[in-house]
Amino acid sequence: MQFLQNSLPYLLAGISVGGQYALIAIGYTMVYGILRLINFAHGDVFMAAGMFMVFLSASLPLGLAIPLVLIITVALGFLIERIAYKPLRAAPRMSVMISAIGVSYLLQNCALYFTGGLAKVYPQLPWLSDTVSVFGAVTKRVTLITPVLTIVLVAALSLFIRHTRIGMAMRAVSKDFETARLMGIKVNTVISVTFVIGSLLAAVGSLLYFTNYASVTPTSGGMPGLKCFVAAVFGGIGSIPGAVIGAFIIGIAENIIKGLGWTTFSDAFTFALLIVILLVKPTGLFGEKATDKV
Amino acid sequence: MQFGGVVAVNNLSLEVNRGEIVALIGPNGAGKTTAFNCITGVYEPTNGQVFFEDSLIVANHPRGKMKKAYQGMNSEKYLRTKTIAPTPDQITRLGIARTFQNIRLWKSMTVFDNVLTAKHMRARHNVFTATFRLSAAEERRMREETLALLEEQNLAQFKDELATSLPYGLQRRLEIARALATEPKLLLLDEPAAGMNPQETEDLGRFIVQIKEKYDLTIFMIEHHMDLVMRFSDRIYVIDFGKLIAKGTPAEIQANPQVIEAYLGVADDE
Amino acid sequence: MELRKNSKKDGLLTAAALILLFAVLLTMELTMKSTSILFTVLKKGVIYALVAVSMNLLNGFTGLFSLGQAGFMLIGAYTYAILTMPVAVKLSDSVYKYYDCAIGFELGILPSLILAGLIAAFFAALIGLPVLRLKSDYLAIATLGFAEILRAFFQWDAMGPVTNGANVMRQYKDLTKLRIPFTDIRFPPTLFCFLVSGICIAIIVLLINSSYGRAFKAIRDDEIAAEAMGINLFKHKEMSFVISSFFAGISGALLAMFQYTVQAAQFKSAMTYEILLIVVIGGIGSVTGSCIASFLFIACNEWWLRFLDESANNILGLNILRSGFRKVVFSVVIMIIVLFFSKGIMGEREFSWARLRAFFRDPFGLRTRRAKKAASGGEVNGNG
Numbered sequence: 001m002q003f004l005q006n007s008l009p010y011l012l013a014g015i016s017v018g019g020q021y022a023l024i025a026i027g028y029t030m031v032y033g034i035l036r037l038i039n040f041a042h043g044d045v046f047m048a049a050g051m052f053m054v055f056l057s058a059s060l061p062l063g064l065a066i067p068l069v070l071i072i073t074v075a076l077g078f079l080i081e082r083i084a085y086k087p088l089r090a091a092p093r094m095s096v097m098i099s100a101i102g103v104s105y106l107l108q109n110c111a112l113y114f115t116g117g118l119a120k121v122y123p124q125l126p127w128l129s130d131t132v133s134v135f136g137a138v139t140k141r142v143t144l145i146t147p148v149l150t151i152v153l154v155a156a157l158s159l160f161i162r163h164t165r166i167g168m169a170m171r172a173v174s175k176d177f178e179t180a181r182l183m184g185i186k187v188n189t190v191i192s193v194t195f196v197i198g199s200l201l202a203a204v205g206s207l208l209y210f211t212n213y214a215s216v217t218p219t220s221g222g223m224p225g226l227k228c229f230v231a232a233v234f235g236g237i238g239s240i241p242g243a244v245i246g247a248f249i250i251g252i253a254e255n256i257i258k259g260l261g262w263t264t265f266s267d268a269f270t271f272a273l274l275i276v277i278l279l280v281k282p283t284g285l286f287g288e289k290a291t292d293k294v
Numbered sequence: 001m002q003f004g005g006v007v008a009v010n011n012l013s014l015e016v017n018r019g020e021i022v023a024l025i026g027p028n029g030a031g032k033t034t035a036f037n038c039i040t041g042v043y044e045p046t047n048g049q050v051f052f053e054d055s056l057i058v059a060n061h062p063r064g065k066m067k068k069a070y071q072g073m074n075s076e077k078y079l080r081t082k083t084i085a086p087t088p089d090q091i092t093r094l095g096i097a098r099t100f101q102n103i104r105l106w107k108s109m110t111v112f113d114n115v116l117t118a119k120h121m122r123a124r125h126n127v128f129t130a131t132f133r134l135s136a137a138e139e140r141r142m143r144e145e146t147l148a149l150l151e152e153q154n155l156a157q158f159k160d161e162l163a164t165s166l167p168y169g170l171q172r173r174l175e176i177a178r179a180l181a182t183e184p185k186l187l188l189l190d191e192p193a194a195g196m197n198p199q200e201t202e203d204l205g206r207f208i209v210q211i212k213e214k215y216d217l218t219i220f221m222i223e224h225h226m227d228l229v230m231r232f233s234d235r236i237y238v239i240d241f242g243k244l245i246a247k248g249t250p251a252e253i254q255a256n257p258q259v260i261e262a263y264l265g266v267a268d269d270e
Numbered sequence: 001m002e003l004r005k006n007s008k009k010d011g012l013l014t015a016a017a018l019i020l021l022f023a024v025l026l027t028m029e030l031t032m033k034s035t036s037i038l039f040t041v042l043k044k045g046v047i048y049a050l051v052a053v054s055m056n057l058l059n060g061f062t063g064l065f066s067l068g069q070a071g072f073m074l075i076g077a078y079t080y081a082i083l084t085m086p087v088a089v090k091l092s093d094s095v096y097k098y099y100d101c102a103i104g105f106e107l108g109i110l111p112s113l114i115l116a117g118l119i120a121a122f123f124a125a126l127i128g129l130p131v132l133r134l135k136s137d138y139l140a141i142a143t144l145g146f147a148e149i150l151r152a153f154f155q156w157d158a159m160g161p162v163t164n165g166a167n168v169m170r171q172y173k174d175l176t177k178l179r180i181p182f183t184d185i186r187f188p189p190t191l192f193c194f195l196v197s198g199i200c201i202a203i204i205v206l207l208i209n210s211s212y213g214r215a216f217k218a219i220r221d222d223e224i225a226a227e228a229m230g231i232n233l234f235k236h237k238e239m240s241f242v243i244s245s246f247f248a249g250i251s252g253a254l255l256a257m258f259q260y261t262v263q264a265a266q267f268k269s270a271m272t273y274e275i276l277l278i279v280v281i282g283g284i285g286s287v288t289g290s291c292i293a294s295f296l297f298i299a300c301n302e303w304w305l306r307f308l309d310e311s312a313n314n315i316l317g318l319n320i321l322r323s324g325f326r327k328v329v330f331s332v333v334i335m336i337i338v339l340f341f342s343k344g345i346m347g348e349r350e351f352s353w354a355r356l357r358a359f360f361r362d363p364f365g366l367r368t369r370r371a372k373k374a375a376s377g378g379e380v381n382g383n384g
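Chains as they are written, first to last, in our numbering: chain A, 1 to 294; chain B, 1 to 270; chain C, 1 to 384.
Derived by calculation from the structure, the hints in this document are not laboratory data. Among these hints, one or two may not hold up.
[Unchecked claim] Simulated crosslink set (DSSO-like; lysine-lysine; CA at most 30 Å straight-line):
(1) C/235 with A/281
(2) C/235 with B/185
(3) C/235 with B/107
(4) B/68 with A/175
(5) C/8 with B/159
(6) A/175 with A/86
(7) C/268 with C/97
(8) B/77 with B/247
(9) B/107 with A/175
(10) A/281 with B/67
(11) A/281 with B/82
(12) B/68 with A/281
(13) B/67 with C/135
(14) B/212 with B/107
(15) B/107 with A/86
(16) A/281 with B/65
(17) B/65 with C/135
(18) A/281 with A/258
(19) A/281 with C/135
(20) C/97 with A/258
(21) B/82 with C/235
(22) B/243 with B/212
(23) A/175 with B/67
(24) A/86 with C/268
(25) C/268 with A/281
(26) B/67 with B/77
(27) C/135 with A/86
(28) A/258 with C/268
(29) B/107 with C/135
(30) A/175 with B/65
(31) C/135 with A/175
(32) C/235 with B/159
(33) A/258 with A/140
(34) B/67 with B/243
(35) B/107 with B/185
(36) B/82 with C/135
(37) B/159 with B/185
(38) B/159 with C/9
From a predicted model like this one, the values you see are computed outputs, not experimental measurements.
Just chain A, with the same shape it has in the complex (with noise of 0.2 Å):
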């Protein structure tokens, strides 16, 4: 019981980390399984959704402040798309690549200037910054919201996948993109939908990741990010299901670690865990198996 009360705050944390973590993740995945491509930008998008509600909420109240945000950051992922993705799309996947990298180089510094560097205090969400205890372990309220808020998101995008003509079009064009662009689908309106889809979550996941944390900084993307990424992968990337498992499993584990006092540990191990599951399943947990022909 004693070690239940001792490590329930963690396991509680964990859970949370983790819901916050898979709705980034989709975002991950669902491009990656469309474009091929680590849209490395992805972390800095969330970021950025955070930065909105901080300077939103200044001068907006809270109801107004919040649907703008969710719209903005949309939009930010559309744009980004359109201007820094769709010009490449003939061009080898490595620029792509790389164009990502500049561009979540661009928002970090542009959040930079219009912070002066300072990491700015994230506003206080009445309810959910609101503290309830759990068997007797005291934590904020959304912690508890988290994981039912992402299960009920993903169970929302899988029926949209499975049963919309659009989500029909998604699925067709991650199989193969070329014969889906032959046999008549808007392959950039299914990539725009995705990166809609994905900045949406970002940005749910953004409004509950940082009522947890409280502050944004510039950089506050990358490592989430990266892990988020990370999370996608190891759930075999291009696999919904499997980013929500892996962001969860990472999530948890992470915590799991901070509460055994290895912080300095608990980013690394996130990447030690990426790297052993490549190496023993390359394609991750849910990942298909594809061989190049020869």
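Dock chains B and C against chain A, hints included.
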């Protein structure tokens, strides 16, 4: 060889003797290139063995998950031999070189460098002597040999052009020259005459015989051009759906009803 | 395009140009104030040129998309700092405040530089064993991951007696401690950076133009064909990875010398991204391009665009120019290069005297344009 649930090549046994030109023919998707890939180490055969000059160079039997999933024949036959899974470069080192069905030249390199780079494997330098030009004599020899090889193939005039800027037929020639640069004993040609007109095909056939004589080669090729196959090969294997359906001399194959059936069956699709 | 074997005349020209460069550097160092921003740019530029070329060896010439460069620079920088720190400093509390330093000896500058490279190469060899079996994006993310693990490892408490934990390393032999051998005269620091980087880059160029360089390019162009022609993929990738890391380690050591202090927290993935951007701006697969781009990058970053950060330069009462604006402009420029000039400054070409002569004979003329067309015929290769 089985990919997932698809048995691509099943119970296929081929024999190529020293100094022969042997052709492997069959309709599209019969498993010809897969057989090549098993020999050259690109794929690990699911079940089977490859011998070269009397020594076992590739061997495998169904393992792990494949044990249950294996649908091919002879599932017990090779169980007791050890698995040998060399990488393609090790096979090449033994003296088996190949060309590719869809030409795979190094596209940023010149014609000359394409052949020169293939000589890398046989060179005796190491990274230090090569970097600090301590093996300059060897490098010079490699360059001379490359030039000689190109001259012999009538490619010398294009030596400073990008390999991919050559016309298609010459690219195939260059691929053969590149394979020869690895000093092989057995040369595997994967559709060397693909996309060539009858005259070019005829020239190619003569060329193959010529290099065979000059370099004391054994040649094993996949080909669709029946004129080439019938005129220049000593023996022919015919496969369909991964299985051997006929073997023999060109005359025997031409008279074989099963072969005619297999080919007429696909004639409509092509 | 490959560097053609220079004719004798071109060889002499190159030698003359190099002697001239070093003479100019030496005169500048003897006559100008050493705190001049020009020297900062030159020193940092040449250090970045080395690491950019080393990254280009991997990404541009071997086609391995690796993002571990910052990690290997970290190893080099720390190895150098630890080895050259005087024993007296190690024993005192001035650097190792919370730990007892476990390295009870000190070495000279040159052996330490070489060891910095060797230890980085050793770690690279270990890391390469598992990760080089991975393909393109997976390789990128795994090397990025290893760089992060290395950083955590160096900041780890248990490593404190060696690495001083997460604390700053200083008072090791930096550029001001350089002496001309057997005398007590200061060695010109900028000249030293150029000498060390120049020798290293020259070795990389020799490697690229050797048989092994051709094998690397073969792997980049077509792995399957390379393997079928007897080039052992793993051996050659590992070789390229280890050699690249060796030089990244040396450049890390030079950076430590240049900076006077060094801290693990500095070597984040953002640093690798910067180096990658330099490589891209210069042209993936061009050594000359990487060198030119790193000087431009550093000069813009540290010098030419500085005025954008100073609010005193604002006109019309607008408050646009302030701290950080430089970086915004800079990243926009980079995005424009990445999007519209994806071949970078040099594409895959290299500087050569013949090309320079041709340029002067016919600047921007038809002939040059045609040559350019021919050169751009071969696409820049990624891991596609």
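Taking the hints in turn, this is what the structure says about them:
The hinted pair formed by residue 235 of chain C and residue 281 of chain A meets the criterion: a straight-line CA distance of about 22 Å does not exceed 30 Å. As the CA atoms of residue 235 of chain C and residue 185 of chain B are separated by approximately 24 Å, the hinted pair is consistent with the 30 Å bound. Among the hinted pairs, residue 235 of chain C with residue 107 of chain B is consistent with the structure: their alpha-carbon atoms are about 22 Å apart, no more than 30 Å. Between residue 68 of chain B and residue 175 of chain A the alpha-carbon distance is near 28 Å, which keeps this suggested pair within the 30 Å criterion.
At roughly 23 Å between alpha-carbon atoms, residue 8 of chain C and residue 159 of chain B fall within 30 Å of each other, so this suggested pair holds. With a C-alpha separation of about 19 Å, the suggested pair residue 175 of chain A and residue 86 of chain A falls inside the 30 Å cut-off, and the hint holds. For the suggested pair residue 268 of chain C and residue 97 of chain C, the alpha carbons sit about 24 Å apart, so the restraint of at most 30 Å is met. For the suggested pair residue 77 of chain B and residue 247 of chain B, the alpha carbons sit about 23 Å apart, so the restraint of at most 30 Å is met.
Proximity of residue 107 of chain B to residue 175 of chain A is assessed by CA-CA distance (about 28 Å); at most 30 Å being required, the pair is judged to hold. For the proposed pair residue 281 of chain A and residue 67 of chain B, the alpha carbon gap of about 19 Å is at most 30 Å, so the pair holds. Taken as a hint, the residue 281 of chain A and residue 82 of chain B pair is honoured in the structure, with Cα atoms around 24 Å apart against an allowance of 30 Å. For the suggested pair residue 68 of chain B and residue 281 of chain A, the alpha carbons sit about 20 Å apart, so the restraint of at most 30 Å is met.
For the hint pairing residue 67 of chain B with residue 135 of chain C, the CA-to-CA distance comes to about 28 Å; that is within 30 Å, so the pair holds. Under the criterion of a C-alpha separation no larger than 30 Å, the hint pairing residue 212 of chain B with residue 107 of chain B is consistent with the structure, at around 27 Å. For the proposed pair residue 107 of chain B and residue 86 of chain A, the alpha carbon gap of about 26 Å is at most 30 Å, so the pair holds. A distance of roughly 14 Å separates the Cα atoms of residue 281 of chain A and residue 65 of chain B; the hinted pair therefore holds under the 30 Å criterion.
The suggested pairing of residue 65 of chain B with residue 135 of chain C holds, with an alpha-carbon distance near 24 Å, which does not exceed 30 Å. Of the pairs offered as hints, the one joining residue 281 of chain A and residue 258 of chain A holds, with about 27 Å between alpha carbons and a cut-off of 30 Å not exceeded. For the hint linking residue 281 of chain A to residue 135 of chain C, the alpha-carbon distance of about 13 Å falls within 30 Å, and the restraint holds. Pair hint residue 97 of chain C plus residue 258 of chain A holds up; C-alpha atoms about 25 Å apart against a cutoff of 30 Å.
The hinted pair formed by residue 82 of chain B and residue 235 of chain C meets the criterion: a straight-line CA distance of about 25 Å does not exceed 30 Å. Between residue 243 of chain B and residue 212 of chain B the CA atoms are separated by roughly 28 Å; this keeps the pair inside 30 Å, and the hint holds. Restraint check: the Cα-Cα separation between residue 175 of chain A and residue 67 of chain B comes to about 29 Å, which is no more than 30 Å; the hinted pair holds. Restraint check: the Cα-Cα separation between residue 86 of chain A and residue 268 of chain C comes to about 29 Å, which is no more than 30 Å; the hinted pair holds.
For the given pair, residue 268 of chain C sits about 28 Å from residue 281 of chain A by alpha-carbon distance, which is consistent with the 30 Å threshold. Our distance criterion of 30 Å between C-alpha atoms is met by residue 67 of chain B and residue 77 of chain B, whose separation comes to about 13 Å. Taking the CA atoms of residue 135 of chain C and residue 86 of chain A, the gap is about 24 Å. The hint holds against a cut of 30 Å. Restraint check for residue 258 of chain A and residue 268 of chain C: satisfied, since their Cα atoms lie roughly 21 Å apart, inside the 30 Å limit.
The suggested pairing of residue 107 of chain B with residue 135 of chain C holds, with an alpha-carbon distance near 20 Å, which does not exceed 30 Å. At roughly 25 Å between alpha-carbon atoms, residue 175 of chain A and residue 65 of chain B fall within 30 Å of each other, so this suggested pair holds. Distance restraint check for residue 135 of chain C and residue 175 of chain A: the Cα-Cα separation of roughly 19 Å lies within the 30 Å cut-off, and the hinted pair is therefore satisfied. Distance hint between residue 235 of chain C and residue 159 of chain B is fulfilled; the C-alpha atoms sit about 29 Å from each other, no more than 30 Å.
Of the pairs offered as hints, the one joining residue 258 of chain A and residue 140 of chain A holds, with about 18 Å between alpha carbons and a cut-off of 30 Å not exceeded. Distance restraint check for residue 67 of chain B and residue 243 of chain B: the Cα-Cα separation of roughly 21 Å lies within the 30 Å cut-off, and the hinted pair is therefore satisfied. For the suggested pair residue 107 of chain B and residue 185 of chain B, the alpha carbons sit about 26 Å apart, so the restraint of at most 30 Å is met. For the proposed pair residue 82 of chain B and residue 135 of chain C, the alpha carbon gap of about 29 Å is at most 30 Å, so the pair holds.
About 25 Å separates the Cα atoms of residue 159 of chain B and residue 185 of chain B, which keeps this hinted pair within 30 Å; it holds. Taking the CA atoms of residue 159 of chain B and residue 9 of chain C, the gap is near 24 Å; set against the 30 Å cutoff, the hint holds.
Of the hints listed earlier, there is not a single one the structure fails to meet.
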